[in-house]
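Trainee: Protein sequences, first through last, are from chains E and W.
Using my numbering, read the first sequence as starting at 1 and increasing by one per residue.
Using my numbering, read the second sequence as starting at 1 and increasing by one per residue.
If you're looking for bench data, these hints aren't it; they were derived computationally from the structure.
Fair warning: this is a prediction, and the values are worked out from it, not measured in the lab.
Yeah, the Cβ is synthetic: ideal placement off N, Cα and C, and Gly gets one too.
It is possible that part of the hints are untrue.
Partial list, derived from the structure: chain E residues whose beta carbon lies under 10 Å from chain W [claimed, not checked]:
#: 1; residue: Val32
#: 2; residue: Arg85
#: 3; residue: Leu89
#: 4; residue: Glu95
#: 5; residue: Val153
#: 6; residue: Ser155
#: 7; residue: Ser217
#: 8; residue: Val218
#: 9; residue: Leu221
#: 10; residue: Ala261
#: 11; residue: Ile262
#: 12; residue: Ala270
#: 13; residue: Pro279
#: 14; residue: Ile282
Simulated restraints, written as ranges between beta carbons of each label pair [to be verified]:
#: 15; chain 1: W; residue 1: Leu5; chain 2: E; residue 2: Ser258; range: 46 to 52 Å
#: 16; chain 1: W; residue 1: Glu182; chain 2: E; residue 2: Ser155; range: 54 to 60 Å
#: 17; chain 1: W; residue 1: Gly265; chain 2: E; residue 2: Met1; range: 46 to 52 Å
#: 18; chain 1: W; residue 1: Val256; chain 2: E; residue 2: Pro77; range: 17 to 23 Å
#: 19; chain 1: W; residue 1: Gly124; chain 2: E; residue 2: Leu123; range: 55 to 61 Å
#: 20; chain 1: E; residue 1: Leu174; chain 2: W; residue 2: Thr166; range: 44 to 50 Å
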Amino acid sequence: MGFFIHVTVSCGLMAMLSLGLMLIVRSGVYSVASAGFYLVGAYCTALGTLKLGLSPGFALVLGAVLGAILGIFCIAPAYRVREDRLLILTLGFAESLRLVCANSRSVTNGAMGLSGIPHFSLLGVNIKPGTIAFAGFVWLIVGIICLLLIRLVKSPWGLRIDAARDDRVAATSLGIQVARPLYIVHAAGASLAAVAGSLYAHHMAFVSPAPFTVVLSVFALCALLLGGRGSVKGVILGAILIGAGLPLLQLVGTPEYSASAIRQIVFGVALAVLTIWLPGGIGGIWRGAKSDRWE
Amino acid sequence: MEVFLKSLPAQIANGIIVGAIYGLIGLSMLLISNVMKLVDLLRGDLAITGAYLCFWLSALCGFPFAVSITLAVPLTGVLGLVVERSVYRPLARRSHYAPLVAALGLSIAIQGALQLLFGPEMIGFEQTPPLLPKVAEWGLIRLSRLDVILVLSFVLLTSLLHYFLTRTRLGLGLLAVADDEEASYSCGIARNKVYSFSFFVASSIAGIVGILYGLQYGLEPGAGFGLTIRAFIIASLAGSRGVLGAAIAGLALGVVESVCTGLLGANYRDSYTFLVLLVLLWIWPEGLFGRIQKRYARI
């Protein structure tokens, strides 16, 4: 039962990460900084509750706000830099955040990590990690995000984002502001990742810099592309496949490192194969669209 | 501060040695990014794979060291060729992102495979050729034979590549494709052959870099990532300025990193590199020596 809840929660967290990424990718920028914002949320919760004595709900909101600010900072050079260079910039940004946490030993306890993070509570209700209530809470947030995203895609605001992505010059000539939606979308995506990180910290009750490497961002990207970057249903399905696949693959390998190595091989190759042969993802199959056009 | 100033010459010498490695991997990246117009995120991983191949041949299969180097370098080249044919060629025309995303996946897959085959901990080459004894010492600067070999092979490879690109027919064809693909195609240059060839040469260079890196610092599966980032920085610094630009950029990056490490400590070493990258992309989005290509209207 404990394992089942663990899998459910990690699917939910992966869904949050990849939905945030979906928002960012919709604006035309591929980012591999998700792990960085995930780390920001996790450390905000850990440090806020342990060192500053904040309430868990407040620490979560604080993490989301900080994630949003860092997200804007990360994407600020977007219009000056070519797309492929921007991807490497986001990669470097996330990795720098991790290095800062790994090396400021006096604050974050370095690679040893912080343990004993208190239970999550909201408005006085204590939601204990490892129970069905916690898993339900995580999926409740995922559900709300999904509803908002589905609304967003059809809204005028969503159409504006699409227009700015497809042809920046034409969009500007029609009087659509191009830069501001990009920043807002990126801030929202980053703060979603931070919320997921915060819940992760409560779920594990322990935070160390080790899991927040590029590999995690690649898993999130893999979930997004597996499901198809344009469809919310597809992304949720992709996140469930990856979120359940990771803990299940851990059961396969006996020594710890071979399990993580097998994961990297399986999902790394899957990502490459997906981009080459199935750019529309699973969502693309049931729409009957094989190309990587947007919905 | 006084200690730092005293050790400054040694830091700079160290930086030049590191910079030789960076310069070579940067050259390898530059060849690809100028010819195929894409960033190859597998550069560092290919280099490390080449080094592991050499390690496997020499330490585990019992070949003499010289033989395993001569086998491992072209094999890395062939590996690069396979990647080009299977991943980059079908994806290069689709979008800017597709090849990057696929390469990112393959990169972590390669790291996982190396981890599975050779274990996650750092391994060193057995020093069969006596490389480590120091040959020169001035104050705090100590040079081993390996350091000298490293800098010499940097100079040699750079000048060879420069000669090849500017004086031979094949090299000129490569430059022509880098400069204007359509025009070179209409002049009868076989584009795909040039792609394959540049990938083979660049990956062979990467193999040499990996072996040198492994001899100097030891090998671990994740080491390729740092090399890729540095190769990217150097290639974008050099822009279209070519081989000499990349060589200078590599040395400069090595010295900056080494001096910063001396000044501020080794913990944030990779962060300095990213900081250089961030500043670079803010100030010169198209590279230090690059041509300004107007892709977007400025908004």
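Trainee: Decide, hint by hint, whether the structure agrees.
Mentor: Right, here's what the structure says about each hint:
no.: 1; hint: Val32; verdict: 7 Å, holds
no.: 2; hint: Arg85; verdict: 6 Å, holds
no.: 3; hint: Leu89; verdict: 6 Å, holds
no.: 4; hint: Glu95; verdict: 7 Å, holds
no.: 5; hint: Val153; verdict: 20 Å, violated
no.: 6; hint: Ser155; verdict: 23 Å, violated
no.: 7; hint: Ser217; verdict: 9 Å, holds
no.: 8; hint: Val218; verdict: 6 Å, holds
no.: 9; hint: Leu221; verdict: 7 Å, holds
no.: 10; hint: Ala261; verdict: 4 Å, holds
no.: 11; hint: Ile262; verdict: 7 Å, holds
no.: 12; hint: Ala270; verdict: 7 Å, holds
no.: 13; hint: Pro279; verdict: 7 Å, holds
no.: 14; hint: Ile282; verdict: 17 Å, violated
no.: 15; hint: Leu5/W x Ser258/E: 46 to 52 Å; verdict: 48 Å, holds
no.: 16; hint: Glu182/W x Ser155/E: 54 to 60 Å; verdict: 42 Å, violated
no.: 17; hint: Gly265/W x Met1/E: 46 to 52 Å; verdict: 47 Å, holds
no.: 18; hint: Val256/W x Pro77/E: 17 to 23 Å; verdict: 21 Å, holds
no.: 19; hint: Gly124/W x Leu123/E: 55 to 61 Å; verdict: 57 Å, holds
no.: 20; hint: Leu174/E x Thr166/W: 44 to 50 Å; verdict: 48 Å, holds
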